[in-house]
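The residues making up each chain are set out below.
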Amino acid sequence: MAIDERAIVDAVAGLELRGNEEGLIPAFGLHLTTHFANYYNRSSFAVARALEGSGLEEDARTLLVEAGHVCAFNTFGGIMRSAEWDAVVAPMISSREDWIRGMVAVINAFGWGRWTIRELIPDERLCIEIENGYECAGWLKDYPVSHTPRCYLAAGGVAGLMNLLYVGDITLRPTLSDAYYSELFRDARSFGARATSCLACGDDRCVLVATRQP
Amino acid sequence: MVSVMGARLQAIVDRVRRESRGVVNVDLARLNLRVGQPLSRAAMEIPDTHELVAKAEAVANEILGAAQDPNK
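From first to last, the protein sequence lines stand for chains A and B. Quick note: to get the working numbering, add 11 to the position in the first sequence (first position is 1). Quick note: to get the working numbering, add 707 to the position in the second sequence (first position is 1).
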């Protein structure tokens with residue numbers, strides 16, 4: 012059976028994910044959060060903008076993308092180990108690459124923008140196109156067209172998908188420990204992602220490409 | 708005493724790179740941001756002032772110490 016994205020989106024939508032009185036969403040074996048879409052955007056963009064012209068812009072980007080790596084590891088990794096994944100996505104999985112296809116379908120159910128896999132070369136390269144990604148849509152709402160890509164969290168997420176599957180092996184349901192994180196993201200074979208196109212820069216969508224880091 | 712331009716700062720950068728137990732480029736970015744100078748890219752162009760070296764050493768110790776002790 013191939014990954015049926017529509018079925019996954021419908022199933023996740025049917026879970027009626029809503030924040031409790033503390034704003035937490037206990038689901039997928041995690042505690043997701045509910046808050047304003049621009050809350051995280053404005054925090055991260057304030058950091059990036061405060062450092063413009065300081066010579067430290069690249070360092071800000073490194074840490075903001077690192078936040079995406081940590082998010083991918085815990086959130087995507089946690090989802091792929093969850094009972095909900097086993098119930099909804101796992102029955103559709105027939106290849107290793109389906110783990111990424113299934114996770115992208117779940118991401119689309121979350122409403123972070125419309126993610127499409129443009130290219131997936133096993134163990135080598137992942138190209139994700141994002142229409143209306145909330146990070147860069149948020150940038151354009153608050154700031155002028157950017158001279159540099161702003162899809163920090165998504166870049167970390169795309170690299171994280173490849174690291175979970177091809178540097179580690181999320182299919183074996185490993186414990187998502189600090190040590191395992193280091194193993195996945197500091198390995199000589201670790202993936203990193205760069206935007207080749209970005210909505211915040213005036214392009215019509217974001218395109219993120221994950222490859223092994225030189 | 709005549710200080711060599713950036714030599715001590717470069718030594719701190721090299722130590723973080725060598726002893727990092729986390730993700731090296733992330734630890735270097737943290738060092739740069741905490742010190743307020745792009746040390747990992749330009750240490751040799753920055754004067755080895757006492758204050759800056761002391762600050763960089765303290766930050767490096769903190770980063771490497773935290774990396775070695777997961778409870779920190």
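Treat the hints as calculated values from the structure; they're not laboratory data. For clarity, every value in this text was computed on a predicted model and none was experimentally measured. Glycine included, each C-beta is placed from N, C-alpha and C at the ideal position. One should not assume that every hint holds.
As the list claims (entries may be wrong) - Partner residues are not named here, just some residues of chain B that face chain A (Cβ under 8 Å, in silico):
(1) G729
(2) V730
(3) V733
(4) A736
(5) P745
(6) T756
(7) V760
(8) V766
(9) N768
- Query: Which hints from the list above does the structure break, by number from lowest to highest?
  - Reply: 6, 7, 8 and 9
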